[in-house]
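Novice: Letter by letter, the chains look like this.
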Amino acid sequence: MSRIVFTVYCLIIYAFLLAPILVVVGASFNAGAFLTFPPQGLSFRWYGVFFNNEVFLRAIKTSLWVAAVSTVISGIIGTMAAIYFVQFAGRLKDGVRIAMMAPLLLPEVLTAIALLFFVYAIGIGTQTMFAMIVGHVLITLPFVFINVSTSLESYDPAWSMAARSLGAGAFTRFRRIMLPLIKPGVIGGCLFAFIISFDIFTISFMLKSVGTATLPIQLYDYLRTNFTPEAAAVSTLSVVLTLVVVVVTEKFLGLRIHRF
Amino acid sequence: MTTGSSHRHAPLLLIAPAAILLFVFLVLPYLSIVVMSFRTPGQGSPYGEGYTLANYARFFGDSFYLGQIANTLMIGFICTLACLLLGFPVAWQLARGTSRLRGLAYGVVLSPLLVGIVIRSYGWTILLGNNGVINRSLMGLGLIDRPLGLMYNTLGIVIALTHVFLPFMILPIMSAIQGIDPSLESAARSLGASRATIIRRIILPLSMPGIQAGCILTFVLSLSAYVTPSLIGGSKVKTMAVSVVDALVDTFQWPFGSALALGLAVTGGVIVVLFSRFTRMTWKAN
Amino acid sequence: MTEVSIEQLTKDYGTHRAVAGISVRIRDGEFISLLGPSGCGKTTTLKMIAGFEDVSSGAIRFDGRDVVNVPAERRDIGMVFQNYALFPHMTVAGNLAFGLEMRKVPKVQMQERIARVLDMVQLTSHADRYPRQLSGGQQQRVALARALVIEPKILLLDEPLANLDAKLREEMRVFIRDIQRRVGITTVYVTHDQAEAMTMSDRVVVMFGGRIAQCGSPSDIYEKPSSIEVAQFVGQVNLMTMVVEERLADDRVRLSGPLGEAVVPNPHALRKGERVTVALRPEAIDISVTGPGQSATVLSSHYSGSLMDYRLQLADGSRIDVQTFPRQRFAEGDSVHVHAPADRYWLLEDAE
Amino acid sequence: MTEVSIEQLTKDYGTHRAVAGISVRIRDGEFISLLGPSGCGKTTTLKMIAGFEDVSSGAIRFDGRDVVNVPAERRDIGMVFQNYALFPHMTVAGNLAFGLEMRKVPKVQMQERIARVLDMVQLTSHADRYPRQLSGGQQQRVALARALVIEPKILLLDEPLANLDAKLREEMRVFIRDIQRRVGITTVYVTHDQAEAMTMSDRVVVMFGGRIAQCGSPSDIYEKPSSIEVAQFVGQVNLMTMVVEERLADDRVRLSGPLGEAVVPNPHALRKGERVTVALRPEAIDISVTGPGQSATVLSSHYSGSLMDYRLQLADGSRIDVQTFPRQRFAEGDSVHVHAPADRYWLLEDAE
Amino acid sequence: AGKSLVVPTLGGAWEQFWRTELAPAFTAKSGAAVTLDTGNGRVWSANLRAAGVAKPPYSFLMTNEAFANSLRKEGFFEKLDLSKLPNYADLYPLAKKTDGWGAIAMVSPIGLAYRTDMVKTPPKGWKDLWTNPEFKGRIGLYNFANTAGKMELMLFSKLFGKDQYDVDAGFKALEKLGPIIQADFNLSTGIASGEFVVAPFDFGEVARLRKQGLPIDVIIPEEGMLMFDQTLNILANAPEKELAYEYANFMLSPEAQALLMKQFYVSPTNSKVVVPADLKADVPISGAQMDNILTWDWDFMNSKQGELAEVWAKTVK
Ligand SMILES: Nc1ncnc2c1ncn2[C@@H]1O[C@H](COP(=O)(O)OP(=O)(O)OP(=O)(O)O)[C@@H](O)[C@H]1O
Ligand SMILES: Nc1ncnc2c1ncn2[C@@H]1O[C@H](COP(=O)(O)OP(=O)(O)OP(=O)(O)O)[C@@H](O)[C@H]1O
Ligand SMILES: [Mg+2]
Ligand SMILES: [Mg+2]
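Protein chains in written order, with this note's numbering: chain S, 1 to 260; chain H, 1 to 286; chain A, 1 to 352; chain C, 1 to 352; chain F, 1 to 317.
With the rest of the complex left out, here is chain S (with noise of 0.2 Å):
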């Protein structure tokens, strides 16, 4: 009895998860000339424009490419600075947390225009991607942070400590038996990390570089003039696409690893 009370909460929430989603879809399927919902009959078109514009195609691939850097790099730093954080941090644990969680306590404007001021001001300037990935790592890197963390605190010290006693060293240890044992959290900051970068707009309308745009950059411009259910048709393929990812994360990395 609880088990159907509890079941159908949690069926409840799915159901909010997916309502606005629902509707962007929806909408994509528009074969009127805007977005409107319910759609005025169903049509593909939408997705044909879509696949006709250039310009979306290049931003995507810019997304894509700044996104897998970024995630690299805060997923390494982050996950480096979360075993630090559960096992040495000791006393400075709350700074630490507060140090890893500050960009995302600053509001990402004014971090974008410190950094824009920043990156001028050594010289660099946005004339390369150098910045945006920056501003990208720094919002992205307490995701992955704040996963990693928790799956640390479940993890057994006996582990490393067996590791230890068969010979292994830092990086084996790490690579073999701590990785795959925080697994979950490491995918899931990343994921986080990913298509947060992804959606980033501030950061990356302020500090990219002259001549790209990603994908966020491209839809706010689009939808400042065209309103059309081409956005949706976007949306709705970058929603799939990450769904894509994430299942076959899940089938082949696993976002679970059965310890018990």
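Since the hints were made in silico from the structure, they are not lab data.
Check before you lean on any hint, since a few could be wrong.
[What the hints assert, rightly or not] DSS-like mimics (lysine-lysine), calculated; alpha carbons at most 30 Å apart, straight line: (1) Lys124/F <-> Lys97/F; (2) Lys251/S <-> Lys107/C; (3) Lys183/S <-> Lys107/C; (4) Lys304/F <-> Lys317/F; (5) Lys211/F <-> Lys262/F; (6) Lys153/C <-> Lys224/A; (7) Lys158/F <-> Lys172/F; (8) Lys176/F <-> Lys127/F; (9) Lys167/C <-> Lys167/A; (10) Lys224/C <-> Lys167/A; (11) Lys96/F <-> Lys317/F; (12) Lys104/C <-> Lys167/C; (13) Lys29/F <-> Lys84/F; (14) Lys176/F <-> Lys29/F; (15) Lys124/F <-> Lys158/F; (16) Lys167/C <-> Lys183/S; (17) Lys29/F <-> Lys262/F; (18) Lys120/F <-> Lys55/F; (19) Lys127/F <-> Lys55/F; (20) Lys127/F <-> Lys61/S; (21) Lys211/F <-> Lys272/F.
[Said to hold, decoys possible] Calculated from the model, a selection of chain C residues having no Cβ within reach of chain A, i.e. all distances over 12 Å: (22) Gly29; (23) Met102; (24) Lys167.
[As the list claims (entries may be wrong)] Pair by pair, the computed Cβ-Cβ distance ranges are: (25) Gln40/S <-> Phe275/H: 42 to 52 Å; (26) Thr290/C <-> Leu299/A: 52 to 62 Å; (27) Gly149/H <-> Leu22/S: 17 to 27 Å; (28) Val69/S <-> Met74/H: 16 to 26 Å.
For every residue, glycine included, the Cβ atom is placed at its ideal position computed from N, Cα and C.
Starting from the known structure of chain S, arrange chains H, A, C and F with the ligands on it as the hints suggest.
Specialist: Chains H, A, C and F with the ligands alone, transformed into the frame defined by chain S:
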């Protein structure tokens, strides 16, 4: 887990990259912002001559901004609480469930993040707007005769923020619950604990690191959320982040905007620290 | 206060059958031990009785009532888990209090009961420690105390003393038996220690590979094992082939073998000249320098404090194990005599 | 292949001193057992030798080289953890392979070694299971196999057989001793089982409360305990007060007591008439219906399969424990005679 | 290697048009390569300020006068060298309002749009927002962050007070308006979904929406129109100043102006461009009607915008 004195400093290497990154690309750039927040407002330049406390005075002296801080914090608290209440059961189900549809369920959980923020807000407008699906159906059914105010107010912002921050609550809690040995649940049952008691006395405390992480993330994010409040709030509900953007970008008051932003960040930081302390006191999980 | 009856209980893990149709009726207040080699299904059986593992088939009844669908928390059991399963976020006292709180025991009484049990397991000074601050044996004692303090109707103990030293074990055994008798708790005790099972139990159930091999009183199990396996499992044993010499009047037979004569019951209507396998425990054999008995040579000796184990070679080349107290010491190569009383042999039923 | 020497090793957990300045030198290839009550610091000592716990003070040397700053992974140890610490994400075979991979053992050889060890611990058919799919005893055997398969220089075993039945234990013991001797591994073995410590070890270290109480050969520990505590810990013991009757020529004394006379060494230059405490093991006492010896009454008896434990009351009202084989059976209230050879007594040093 | 010019442009459809039409045309004319850099007034301002007056990343900037005005004061731009801008002479007076510091290259006049299917009485002027009861609670406005929002304030101040500087009157009027729905940009979604039925819209946008099938129309308010303008400015320390002038002149040429008109329905600022008949409906404002477009004192607005934003936030519901 320490190895010996020659290796005692090795752990610092773990935090070094993060520390350097944050120092060089956050602390250093923000030095000028901190200075900026003490500058006088400028005419025809980002800031004027000399230094002043006036920006902070304006911020703390005006009930308008204090009210905004209160409003922002309230939105933060409510979103965090809502995410926790909605997210925990789902996290539990994902962590312990054995359904084949789990991969899909992860996808659904992450889905709010996959739709760009503008489009997502559009989705909400369609659902919650005065002329939206919900209001129209309710009016169509004759249950109400004037649209319910679901949007352009705090309620709308809370709904939209809760929606998009749920994944940040669910994933950390899920991985925390996965780390709890199910035999502890068996042990509790053998001692006569009901399902609800087990959740309250065993699962909740032991998943505390996850709950902490989720709450901090949600809270911090809802404090600095900008686009959702401005789109869903229809510029009517002012949150601090919206004011910060207004001041910094739209009306070009960098000194004041910086003061607002730093005030907001410090307030958020203090609350996060207090929260960590408090939760650690309540549940000595580790 | 509860009779537990198990009928054709079976548990499959995928294709692996961990428990294969066991049936046993545990009387109200009885203390029964599950004994068997590692992996034979003891823990699985216990978990099914407790309600933590789904039953693949078969029935479990408490006082005649089928409990298969009763959730564990309403079965009024106390359980010591093989891996302890202590609550890591509660102190020792907190772990003990948990079950009492569930039973809404008043505060004062609760503290008193906790204090008493903690005293019994000798952890009074550790009441405010967390499990991670305890040694292995201390953790095990907390697990034991946690199950005992609630004085449940049914007690399920999964190797609760495995990590304790002999002295503490002895004390804990007395403690467990004491509570169990006083409250009249029906108890299922899993142990790998034969001596422990023998000492404590009203009855012993020996399991092999998910099945019950024998169920009986401790001395039956030890002295009248139903099979070679049981005989070997519950202690050291010499297996010998003997020949039926004569059927005696009182349904017994006289056998002869390398160590002399034996007189055993004859349930199978054995005939003269048939060859049978009999069991003879090493400690049933007398060893002496002068006799009586067959002569033998000491092949090796083994010291274990209170006991000496010898391996001897008889004149016909066969080997036997003999156990004595260390005051009788022989060196390798010594010539000795061995002799076993005719009534110390046991005819193994499945050995034909 | 390594001599391990420990000097004044101390470990404090906050204000709690878990190990209090122990010193012992373990010879190359020696097999030493740590024996002591629960919580006496055995695991802590092992972990310090392995390098998993910081040393509060004192030194640990391998072949004379101070290793306090050598990280665990470079100490070439193999360890069985009390709670196993199996890698949950690896199969049994994977767990075993890990250490070999670290040592860059070629693939073919690796598989062969794993197969051999798995065979020894009787888990060949479980090679592809994950730890969570194994019973407690099976997990423990994997932990043991994992430490043994790498054939390290130093082997640290923390109650590696606690969850196994007697038969398997026996086999595992042989297996451990076999590898240990063949490869010449210096071994520290923690056990709560006195008999095990006695059987396996070259030397036994008895610890109490973080200190070494006695260190010596198994028979020394059992037969010549240095204190009442040690005597009581390593087995059952009767403590008796006796009176010095006479100093004998070869630096020994003759004592008299309730059970008769005793002759013991006299290290303290005892004088005639002094009262001393002596230890007498229950199994050192002969019990018979007819004598010789003092007469006594059976108070209670206890059956444990291979042995019988009796509690007797002597004529003077004092009580003693006696252990025999079950072929000698007496009932409560029976009148018997008890006698102990004069050389079976042991004078306790701290008992004056 | 040939010369190359960084051309900051708005994104989306604008960028696409620049990429496919204007940039190739300019390259054909000048032989210089073009790198498009999408952004908007906020981003360009921030970039320029971060880079400093001495080393700007751009050579010219075309943006809303609201942004240009501030940057000009901060010394980023130079007074136009008209000898290098022959087309300047042909501009409407409206496009030359900055004393030769900038030249308005594009004008999108803003009128009052309404849903023809949801409104019975079409508005005639701005004041109908207050008087027509059909509009109550169904009015959309640009918020203060948007240039148009600032213009709304100055417009209402002028309508209900002494002049554009009488902001108290403007705010009072806004307050009287009752609940309105504000948007930072993109009022299209709101009006398309019927969230509100009347709002300021530029003619080009209305034309686009109408083409997509939305029942919408726009009126030229009696009191006058607003406009989104795009001023061309040349950076004082431009890395490619010659090219910048060449580009600016190209943008002001009838040829480029006509292209922009056809694509975005903006009103041409070069008086030599004639609006063809088939475009009349979508580009109703040209020639003499350009004088109906109200212009504002951005010096005033930019210097006061901090306080005004605060008042707006406190007042407008
Ligand atoms: N992390 C800790 N914090 C505080 N005290 C501890 C900690 N770990 C162990 N102790 C204490 O140190 C003492 C020695 O512990 P240790 O684990 O070495 O005992 P042990 O001899 O292995 O006992 P057992 O046979 O029960 O495993 C115990 O009293 C224990 O309570
Ligand atoms: N989750 C599981 N999946 C598959 N097989 C399992 C699982 N749990 C236990 N088994 C198998 O079932 C059998 C019985 O396990 P059980 O834990 O009951 O043994 P046990 O008698 O308690 O042994 P031990 O004395 O070693 O604890 C074992 O062979 C074990 O490998
Ligand atoms: Mg078991
Ligand atoms: Mg221990």
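Novice: So, for every hint listed, does it hold in this structure?
Specialist: Evaluated hints:
no.	hint	result
1	Lys124/F <-> Lys97/F	holds (28 Å)
2	Lys251/S <-> Lys107/C	holds (29 Å)
3	Lys183/S <-> Lys107/C	holds (27 Å)
4	Lys304/F <-> Lys317/F	holds (21 Å)
5	Lys211/F <-> Lys262/F	holds (14 Å)
6	Lys153/C <-> Lys224/A	violated (46 Å)
7	Lys158/F <-> Lys172/F	holds (12 Å)
8	Lys176/F <-> Lys127/F	holds (12 Å)
9	Lys167/C <-> Lys167/A	holds (22 Å)
10	Lys224/C <-> Lys167/A	holds (19 Å)
11	Lys96/F <-> Lys317/F	violated (37 Å)
12	Lys104/C <-> Lys167/C	violated (35 Å)
13	Lys29/F <-> Lys84/F	holds (15 Å)
14	Lys176/F <-> Lys29/F	violated (54 Å)
15	Lys124/F <-> Lys158/F	holds (17 Å)
16	Lys167/C <-> Lys183/S	violated (40 Å)
17	Lys29/F <-> Lys262/F	holds (20 Å)
18	Lys120/F <-> Lys55/F	violated (56 Å)
19	Lys127/F <-> Lys55/F	violated (47 Å)
20	Lys127/F <-> Lys61/S	violated (49 Å)
21	Lys211/F <-> Lys272/F	holds (27 Å)
22	Gly29	holds (20 Å)
23	Met102	holds (26 Å)
24	Lys167	violated (6 Å)
25	Gln40/S <-> Phe275/H: 42 to 52 Å	holds (48 Å)
26	Thr290/C <-> Leu299/A: 52 to 62 Å	violated (34 Å)
27	Gly149/H <-> Leu22/S: 17 to 27 Å	holds (23 Å)
28	Val69/S <-> Met74/H: 16 to 26 Å	violated (38 Å)
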